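For the record, the sequence lines run as chains Z and D. Under this note's numbering, think of the first position of the first sequence as 1, with each following residue one higher. Under this note's numbering, think of the first position of the second sequence as 262, with each following residue one higher.
The set of hints was computed from the structure by calculation and includes no laboratory data. Bear in mind that the values here come from a model prediction, so they are computed numbers and not experimental data. Beta carbons are placed, not taken as given, at the ideal position from N, Cα and C, and that holds for glycine. Some hints here could point you the wrong way.
As the list claims (entries may be wrong) - No more than 25 Å apart at the CA atoms, straight line, and that leaves these computed lysine-lysine pairs for DSS-like:
1) Z/K158 / Z/K182
2) Z/K169 / Z/K50
3) Z/K158 / D/K419
4) Z/K181 / Z/K34
5) D/K393 / Z/K132
6) Z/K158 / Z/K132
As the list claims (entries may be wrong) - Here are a few chain D residues that face chain Z, going by a calculated C-beta distance under 10 Å:
7) G278
8) V281
9) A330
10) D350
11) Y380
12) V381
13) E385
14) K419
The chain contents come next:
There are 2 protein chains.
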Amino acid sequence: MSNSFEITFLGTGTSIGVPVIGCECAVCTSDDPKNQRLRSSIYVQTPEIKLVVDTGPDFRQQCLRENIAELDAAVFTHEHSDHIMGFDDLRRFTVRDHESVEIFALPETMRRLEVAFDYVFNGENRYIGYLKPIPHEISGRFEIGDLEITPLPVTHGKVETIGLLFSQKEEARLAYIPDAKKLAPESVEQIQGAPVLILDALQPNEHPTHLSIPESVEIARASCAGQTWFTHFSCRADYRVIEPDLPEGIRMAWDGLKIRL
Amino acid sequence: MSNSFEITFLGTGTSIGVPVIGCECAVCTSDDPKNQRLRSSIYVQTPEIKLVVDTGPDFRQQCLRENIAELDAAVFTHEHSDHIMGFDDLRRFTVRDHESVEIFALPETMRRLEVAFDYVFNGENRYIGYLKPIPHEISGRFEIGDLEITPLPVTHGKVETIGLLFSQKEEARLAYIPDAKKLAPESVEQIQGAPVLILDALQPNEHPTHLSIPESVEIARASCAGQTWFTHFSCRADYRVIEPDLPEGIRMAWDGLKIRL
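The whole structure should be built from the sequences, with the hints applied where relevant.
What follows is the structure, encoded as structure tokens:
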């Protein structure tokens, strides 16, 4: 790979995806592929490491679409089902001898993975074909390959949730915050001047646990990020309507979009 | 609906689906849609009831593909991840006031659902947009709408697993057994002469927890079923190679296949 940092949007949708089952709104019936959104997740590649952030129920479908055949690590932002229920499909990255996937999650999120996927963690299914995780609880900045990752505390409903700041050689590359209603003060500080900011911007109207598009525009402006990409959209976020009116430097992401730094 | 009993195959694949992430075999790289398999599940419609058997991680994708906008019940065969991890997406069938989804599962399977999806069952998320289940533990024959359903005990690895015999007005319609290595003697008896038998037939070669195609041919023959459809295939089961050589009355199912009685 000639680029030193590449991001692929595996999904840009909220918990139920878009189209929404049974919904007949203009976005859910839209043919525009930018209005079709699997559950939010990104794949990050550097010369040294390949990782995914979150493994929602669409994870297998996303790997097939993007021809992902290699993965070293999975990092989790929080425990909600739309971010973890594809966890078992990580098994395809531990099919060879001595292969494993490094799992990074907050203690609360790790407990949830251990409970929902007990057979993965209980040490009984270690033979070929089953997922062999190496769990690491996130308690501060950590390293994977040539990446340094700093957790960015946010509030998002009742569960402990983080965004992630990715740096290489102490230089910020990407702040990824897919689920947030409010950023902690230290997170606001950490994302200042990031070359790329990817931010929850659920829909035009307010929501109790997610940032709205106007709220996220405010955060993006204050961050002075190089480029901001919104993600985690509901079907109230019509690409055709919202994208043209966003301020300069702020755009709506879509499934399959790649950003290279 | 003019037919009294309709089956739609939502998926006919094994736990990791086909194509398999990272696999370059002839089936996984095949363009034949009959070699492309989401996780095994069926949707059953009668004049009185619409139900799904199992909700694997592909459940949302399957509902969208088949335009499923109504669902009264979900019945589970066992607790493995490829059969339950799409459970949260049932929420789209409880969006209106007083709507709920009836959940039928063995006690062991219900415990697993309650643990993996604790927020669904703990009574805290009862507002619009969240899944509202009505759990029923299976302990013998039960009724949903105009259907009588008889659990068919089978062995399948370590977890309690059943197939399901669907009858209307005491007349057998369908025996659905997606995951089994061996049928209990009472199950062998119950499926005798069923108009439709859908049976696990993982691949040509033997497997410790699934019936192979030769093993399932034996069971199908002994059952004297009207028509037998194999399901739950790995990528060792090439539709183009295996289907032409199956005995009369036995066929390989594919995703999207409908059977009307």
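Hint check:
1. Our distance criterion of 25 Å between C-alpha atoms is met by Z/K158 and Z/K182, whose separation comes to about 13 Å.
2. Between Z/K169 and Z/K50, the direct Cα distance comes to roughly 17 Å. Compliance with the 25 Å bound is thereby established for this hinted pair.
3. For the hint linking Z/K158 to D/K419, the alpha-carbon distance of about 35 Å lies beyond 25 Å, and the restraint is violated.
4. For the hint linking Z/K181 to Z/K34, the alpha-carbon distance of about 24 Å falls within 25 Å, and the restraint holds.
5. Taking the CA atoms of D/K393 and Z/K132, the gap is near 34 Å; set against the 25 Å cutoff, the hint is violated.
6. Restraint check for Z/K158 and Z/K132: not satisfied, since their Cα atoms lie roughly 30 Å apart, outside the 25 Å limit.
7. Look at D/G278: its Cβ gets to within about 6 Å of chain Z, closer than 10 Å, so that hint holds up.
8. For D/V281, the suggested interface contact is upheld, since its CB lies about 7 Å from the closest CB of chain Z, less than 10 Å.
9. At about 4 Å, the closest approach between the beta carbon of D/A330 and any beta carbon in chain Z falls short of 10 Å, and the interface hint on this residue holds.
10. About 7 Å separates the beta-carbon of D/D350 from the nearest beta-carbon of chain Z, less than 10 Å, and the hint is met.
11. Residue-level restraint check for D/Y380 holds (minimum Cβ-Cβ distance to chain Z is 8 Å; threshold 10 Å).
12. Look at D/V381: its Cβ gets to within about 9 Å of chain Z, closer than 10 Å, so that hint holds up.
13. Interface hint status for D/E385: upheld, as the beta-carbon distance to the closest one in chain Z is roughly 9 Å, under 10 Å.
14. Evaluation of the D/K419 hint against chain Z yields a held restraint, the C-beta minimum of about 9 Å falling below 10 Å.
In summary, the structure is inconsistent with hints 3, 5 and 6 from the numbered list given earlier, while agreeing with the others.
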